[in-house]
Each structure stands twice: as C-alpha cells, then as structure tokens.
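Visitor: In case you want the letters, here they are:
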Amino acid sequence: GAGVSQSPSNKVTEKGKDVELRCDPISGHTALYWYRQSLGQGLEFLIYFQGNSAPDKSGLPSDRFSAERTGGSVSTLTIQRTQQEDSAVYLCASSLDSDEQFFGPGTRLTVL
Amino acid sequence: QKEVEQNSGPLSVPEGAIASLNCTYSDRGSQSFFWYRQYSGKSPELIMFIYSNGDKEDGRFTAQLNKASQYVSLLIRDSQPSDSATYLCAVGSSGTYKYIFGTGTRLKVLA
Numbered sequence: 001g002a003g004v005s006q007s008p009s010n011k012v013t014e015k016g017k018d019v020e021l022r023c024d025p026i027s028g029h030t031a032l033y034w035y036r037q038s039l040g041q042g043l044e045f046l047i048y049f050q051g052n053s054a055p056d057k058s059g060l061p062s063d064r065f066s067a068e069r070t071g072g073s074v075s076t077l078t079i080q081r082t083q084q085e086d087s088a089v090y091l092c093a094s095s096l097d098s099d100e101q102f103f104g105p106g107t108r109l110t111v112l
Numbered sequence: 113q114k115e116v117e118q119n120s121g122p123l124s125v126p127e128g129a130i131a132s133l134n135c136t137y138s139d140r141g142s143q144s145f146f147w148y149r150q151y152s153g154k155s156p157e158l159i160m161f162i163y164s165n166g167d168k169e170d171g172r173f174t175a176q177l178n179k180a181s182q183y184v185s186l187l188i189r190d191s192q193p194s195d196s197a198t199y200l201c202a203v204g205s206s207g208t209y210k211y212i213f214g215t216g217t218r219l220k221v222l223a
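Going down the list, the sequences are from chains A and L. Residue 94 in our numbering sits at position 94 of the first sequence; the count goes up by one each step and never skips. For our numbering, count along the second sequence from 1 and bump the result up by 112.
Bound conformation, chain A alone (with noise of 0.2 Å):
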C-alpha cells in the first residue's frame, strides 16, 4: 500500500519567501507529526495532529511557522518569511495508534 508521501522533495528559495510543504498520510491514520531535522541533528517535534482535536503546537518554533490539516488526512506546514536558519529536512508521520510512526521521505529545504 501506498506509504506516506511529501511534496515537494526538495525546495530551494529566497530567504524572506514563504513556502508550503506538503504531506499525504497513509489512508486511515489518524495522528500526523512533523519534525524538523537539521544536518547531523535527531528529530525536532513541531506539531502533532490527531483526529479532530486541536493540534499541539508547541513544538512550533517561531510564529512564522504554522500548519493545518484539511479533513484529517492532508497536511500542509507553512513557513512565512523563510530565514536561513530554516534550511532542514522536514519529515512528516503518521500513526494509527499513536505508536509506530510511518515517515514520509521529506522535503529539503533550502534558504539561500
């Protein structure tokens, strides 16, 4: 079956720009994490969603950082006014029962 997928994989952009990523979770999931990997680095928790409770956002590290999740399947972190501190991976899960996180391949992004 289909695992989970983001979009896109690999963004360059102009320090100041905003930019979207995307993550599809596997069907049926319902938690969907986002962390945040830098070089050399483990993973950094932004946001956690489940079902249709309020997500957690306290991993978030900065208010130019925000996140949705449209009918509890898709989801799309948004960064406004990119710094170069931003330049990561950015890895997106999902899990059906809040253990075995399933990753997607993630999305490097650039800041220049």
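Calculated directly from the structure, the hints in this document are not laboratory data. These figures come from a predicted structure and were not determined experimentally. It is possible that some hints are incorrect.
[Said to hold, decoys possible] No farther apart than 20 Å at their CA atoms in a straight line, the calculated lysine to any residue pairs in the SDA-like style are these:
#1 154/L <-> 18/A
#2 210/L <-> 56/A
#3 15/A <-> 70/A
#4 154/L <-> 30/A
#5 210/L <-> 9/A
#6 114/L <-> 9/A
#7 15/A <-> 56/A
#8 154/L <-> 57/A
#9 210/L <-> 96/A
#10 154/L <-> 9/A
#11 168/L <-> 220/L
#12 11/A <-> 154/L
#13 179/L <-> 99/A
#14 154/L <-> 10/A
#15 210/L <-> 61/A
#16 210/L <-> 2/A
#17 210/L <-> 45/A
#18 210/L <-> 44/A
#19 154/L <-> 26/A
#20 210/L <-> 58/A
#21 210/L <-> 65/A
#22 179/L <-> 160/L
#23 210/L <-> 55/A
#24 15/A <-> 60/A
#25 220/L <-> 121/L
#26 154/L <-> 194/L
#27 220/L <-> 151/L
#28 210/L <-> 83/A
#29 57/A <-> 30/A
#30 168/L <-> 154/L
#31 57/A <-> 76/A
Please build the complex by placing chain L on the supplied structure of chain A, with the hints as guidance.
Guide: Coordinates of chain L only, in the frame set by chain A:
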C-alpha cells in the same frame, strides 16, 4: 527539559560482531521506547519498540530496557555492513503522543 541522550559515534564494529547502542533519558515518567534506523539521506524506519523492563528480541535485534537506571539499549547480533546507519532512540511519556528523539548514534559495520 526532557532529554534523550545518545553517543553520536561513529561506533565501528567488524562484520559478524555484536553492536551495542545505548540511550539514556531524563523523564522518569517515560513509558514507551523506540529504536529507529535511518540510512543516510533517507527517513527513519522503526526497528523495535519496548514498553516493559527487560529484553525484547526480534531476529538479530534485542532491545533492553532498564527503567530504574533510565536507559534503553539496542543490540545487533551478527552485524552486517547493511546495518551501517544512524540509530535514533525515541522516548514517549505516559498519556502523551509526543516523542523525544535522541540525536542518534552512527554505526559503521566494517566488512
């Protein structure tokens, strides 16, 4: 601040040897523990999870959990060059869906 600590490595072991990867965590309320493998340029994939003290074996992999000492380890028996990757430890607390990931240990299995 809840923390998960791992030695960044690289940990180099010869082919066929046992690789031992360790992880310590600070939150005594932690209830679930996961090991993910991440190949270079790829996304993490789950290797094992463990919830109870003791050992859990799955093929060549054994996870060991000691809640009193707040550490969890992963043993890889008969290590193969294909096991060369970064191994991420993730810890979750009771009643929460949020997992704290360590920075990972890079394992190199030498042929």
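Visitor: Hint by hint, say whether it matches the structure.
Guide: Outcome of the hint check:
{"no.": "1", "hint": "154/L <-> 18/A", "verdict": "25 Å, violated"}
{"no.": "2", "hint": "210/L <-> 56/A", "verdict": "9 Å, holds"}
{"no.": "3", "hint": "15/A <-> 70/A", "verdict": "28 Å, violated"}
{"no.": "4", "hint": "154/L <-> 30/A", "verdict": "24 Å, violated"}
{"no.": "5", "hint": "210/L <-> 9/A", "verdict": "25 Å, violated"}
{"no.": "6", "hint": "114/L <-> 9/A", "verdict": "31 Å, violated"}
{"no.": "7", "hint": "15/A <-> 56/A", "verdict": "27 Å, violated"}
{"no.": "8", "hint": "154/L <-> 57/A", "verdict": "25 Å, violated"}
{"no.": "9", "hint": "210/L <-> 96/A", "verdict": "14 Å, holds"}
{"no.": "10", "hint": "154/L <-> 9/A", "verdict": "12 Å, holds"}
{"no.": "11", "hint": "168/L <-> 220/L", "verdict": "23 Å, violated"}
{"no.": "12", "hint": "11/A <-> 154/L", "verdict": "16 Å, holds"}
{"no.": "13", "hint": "179/L <-> 99/A", "verdict": "19 Å, holds"}
{"no.": "14", "hint": "154/L <-> 10/A", "verdict": "13 Å, holds"}
{"no.": "15", "hint": "210/L <-> 61/A", "verdict": "16 Å, holds"}
{"no.": "16", "hint": "210/L <-> 2/A", "verdict": "25 Å, violated"}
{"no.": "17", "hint": "210/L <-> 45/A", "verdict": "8 Å, holds"}
{"no.": "18", "hint": "210/L <-> 44/A", "verdict": "11 Å, holds"}
{"no.": "19", "hint": "154/L <-> 26/A", "verdict": "18 Å, holds"}
{"no.": "20", "hint": "210/L <-> 58/A", "verdict": "10 Å, holds"}
{"no.": "21", "hint": "210/L <-> 65/A", "verdict": "19 Å, holds"}
{"no.": "22", "hint": "179/L <-> 160/L", "verdict": "17 Å, holds"}
{"no.": "23", "hint": "210/L <-> 55/A", "verdict": "12 Å, holds"}
{"no.": "24", "hint": "15/A <-> 60/A", "verdict": "19 Å, holds"}
{"no.": "25", "hint": "220/L <-> 121/L", "verdict": "9 Å, holds"}
{"no.": "26", "hint": "154/L <-> 194/L", "verdict": "14 Å, holds"}
{"no.": "27", "hint": "220/L <-> 151/L", "verdict": "11 Å, holds"}
{"no.": "28", "hint": "210/L <-> 83/A", "verdict": "26 Å, violated"}
{"no.": "29", "hint": "57/A <-> 30/A", "verdict": "17 Å, holds"}
{"no.": "30", "hint": "168/L <-> 154/L", "verdict": "26 Å, violated"}
{"no.": "31", "hint": "57/A <-> 76/A", "verdict": "13 Å, holds"}
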